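There are 2 protein chains.
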Amino acid sequence: MQKVTPRSEDYARWYTDVIQMADLATYAPVRGCMVIKPYGYALWENLQRSLDRRFKETGHENAYFPLFIPESFIKKEAEHVEGFSPELAVVTVGGGEVLEEPLIVRPTSETIIGHMFAQWINSYRDLPLLINQWANVVRWEKRPRLFLRTTEFLWQEGHTAHATSEEAEAETIQILGIYREFAEEQAAIPVTPGKKSESEKFAGALHSYTIEAMMGDKRALQSATSHNLGQNFAKAFEIKYLDTSNQQQYCHTTSWGMSTRMVGAIIMVHGDDMGLKMPPRLAPVQVVIVPIYKTDEERAAVMAMANETHETLRNAGFRVKMDNRDGLTPGFKFNDWEMRGVPIRVEIGPKDVQNRQVVLARRDQPGKEGKLFMGVDGLAENVSSLLESIHQSLFNSALAFQKANTREVETYDAFKEAVQSGFALAWWAGSREDEAAVKEETKATIRCIPFDQPGGSGKCVYTGKEAKEVALFARAY
Amino acid sequence: MQKVTPRSEDYARWYTDVIQMADLATYAPVRGCMVIKPYGYALWENLQRSLDRRFKETGHENAYFPLFIPESFIKKEAEHVEGFSPELAVVTVGGGEVLEEPLIVRPTSETIIGHMFAQWINSYRDLPLLINQWANVVRWEKRPRLFLRTTEFLWQEGHTAHATSEEAEAETIQILGIYREFAEEQAAIPVTPGKKSESEKFAGALHSYTIEAMMGDKRALQSATSHNLGQNFAKAFEIKYLDTSNQQQYCHTTSWGMSTRMVGAIIMVHGDDMGLKMPPRLAPVQVVIVPIYKTDEERAAVMAMANETHETLRNAGFRVKMDNRDGLTPGFKFNDWEMRGVPIRVEIGPKDVQNRQVVLARRDQPGKEGKLFMGVDGLAENVSSLLESIHQSLFNSALAFQKANTREVETYDAFKEAVQSGFALAWWAGSREDEAAVKEETKATIRCIPFDQPGGSGKCVYTGKEAKEVALFARAY
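Sequence lines, in order, name chains Z and D.
Numbering-wise, the first sequence is residues 132 to 608 according to our numbering.
Numbering-wise, the second sequence is residues 132 to 608 according to our numbering.
Looking at chain Z on its own, in the form it has when it is part of the complex (with noise of 0.2 Å):
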């Protein structure tokens, strides 16, 4: 069987061959974009689920706006048609014949959505406002990457309008943690919550919160955004509302995403040289059986167990399938359940019916200590518990990754030294300028200035001011 590259050899490649290999997703025939395939669209299915439930819980809304935008509307916030531009694609043909007005392929939707706010907020009853949308978006990218950066991508994107700049920036910091949530409970990554600089914000934002995480080559991922979006689009699109007083007052709005990224951060974040490791709350299956025969009298009673098993675990309402392929090694299955990176593998052969029992075996952990006997009655409880463990186990292994490649740095050589491959906390007091230099000296970025801090002052690790913040520096995806 075909292995991937390893990651010390080549992690560009490893991140590649893993996709390839575990069948989550392909590069398109259109340059720039990709081809979900069904084992990635179920990862991508149970992300949308979990986090599309947390949304409704919290009042949000689903709602679909149209995928071309006028091109004149892109252009009416001024900060956010500098920021996009480059990305665009354009339609200039329609129905056979050249369109006045180009239309944009959305490559976010703001500017449409705000003018629609524009029309559905008369007074202070109308709000909060609270909208999401599942849709894809385009960007133009020269350089792509498998989910982390392709011309279209999928994702939702939520759009909020409140009457003040208070209740804007609650919406905007709830969402965060709804994100922040949602990648350490449920893709068992941890995340550094903390807010954009000045440079990396929002093209046409007042403030951006992201979250950060650690990827396997240490470099960081912004896995979601979260944007308060003061009063800039409320201006451009004109969406008032009237007080409590009769006064019009500009609304205050928010947006905020996450995307198919997250599946990049998924195989980045737990993958290793046998493949994905799926966490188990989102992993497509969540436990794998494989059948153990040689002769045809074992097979039936293999089997006879092994069917049992698995109506057993699906009644119990989990993601499970029978691996039951003619023509393949118990070997050639182990391995290519491993690519795919279920969480946990039942092993069935001859002497486990005899004492019905199954070989429980962890994707987490290979070898024989990932190995547990197990009596097939009360085997549920016994995988679910199980899982549990195992999501906890990736969560851990991945924290602690994060922990023993963070540095606190206080000189700008330890500086160097430290985001060549790792993250480093500085304290910052550095300009926009400064932000830059530091980028192209060392290739790093402030990724955020975590909620995080550790309070008092200290020396700006590149102008040497007194700075009164710590910032996350990294190389970055």
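Quick caveat, the hints were computed from the structure, so don't treat them as lab data.
Here the structure is a predicted model, which means the values were calculated and not measured.
You can take every hint at face value.
Chain copies aren't distinguished; within one or between two, either way the pair holds.
Here are the computed lysine-lysine pairs in the BS3-like style, where the Cα-Cα straight-line distance is at most 30 Å:
(1) Lys326 x Lys273
(2) Lys206 x Lys273
(3) Lys273 x Lys207
(4) Lys371 x Lys134
(5) Lys187 x Lys464
(6) Lys326 x Lys371
Following the hints, put chain D in place on chain Z, whose structure we already have.
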């Protein structure tokens, strides 16, 4: 409160009024496109969930293919390009540069999926390949109508590949059965399943099948289609497999889809001059609770029982909403929820509190006949059977309407009269040209050759030739 235009006065206007006043959707600032508002999108989500479950139960997997299709792909299947050319939206600029090859915004994905299938399928072991995609598609629309014809719409498109012609045909028919079951059992819409005529079939298909429904104005709406593509796309895209004798063979492929048009069908089949009637199994809100009180004391007592009822029904798994909006009369609220078609309204007033009972009002039976008193205890069971009864009653009404307005005709004069206002069933042995002539003369088209045939033969209603089949004719959306 504003009322909708009566259907008898102007059906098209009634349709638009209902969509606007029930808050389902609105036209976007982009010509031909729509914005699906939260209430309309919630209906679409329920439809999606229900259909998606059926596809997965029959072994289909979801995947995602790119929005953009190289122009050369569309041109590979001759009938396909001819059918879709006038409707295409074309991206000519990407990332600030004019593209060497223009990209088509997908009008449907046979071509790009065909290209991928050719790479994924090697041997008979890879078959059948059963894929579904939930996506947006774009077909330039000169005369847009919300949900029925919009330049961008949402749909699912299934694409499958099979080893034999028989299997492809069986898949095509199986899916049509799923659509029929969905329409009848979920949307409470009776449909006529059958085969499309040569003129009406999908561009590039061998056979197309359809389910046709009668709208409230007695016109037909094609509600979903399922196509046996034969080897047309397999030959155009080289979708081949090695058979068990190690010979290269072309696959047989199918495609099938249901779209946001179905929302239009739900509106037009069930709606009346008071607004929508949501079929209970898909209704975003199945039960709305309207508390009625005057004094603060009454309010306290009524709200206590209203909250208790709310919780009881929510815990029982119903989609239930409490309308505790201040400053609106109960009468206003009644009209509002009638407009939105909520199947059951629960009214709770001070007297009801004393008797521990509530009033249940059925949306499908206006006035006193639709009102029932029911005890608070055991309410969930009664609501459950009432929802079932409303579903059945909506289906029965629609079926009776369809039957009353479908005529079996033998002469062309009777035919012409019938299709002015209803469906006509007639023996048919005409050519493609005859079909075009009938359309020219009567505006009616063959909606399908129904599966349900009388057998034997008769005289073709147009040509007088001996005919073996009865066709269903109607003016259609």
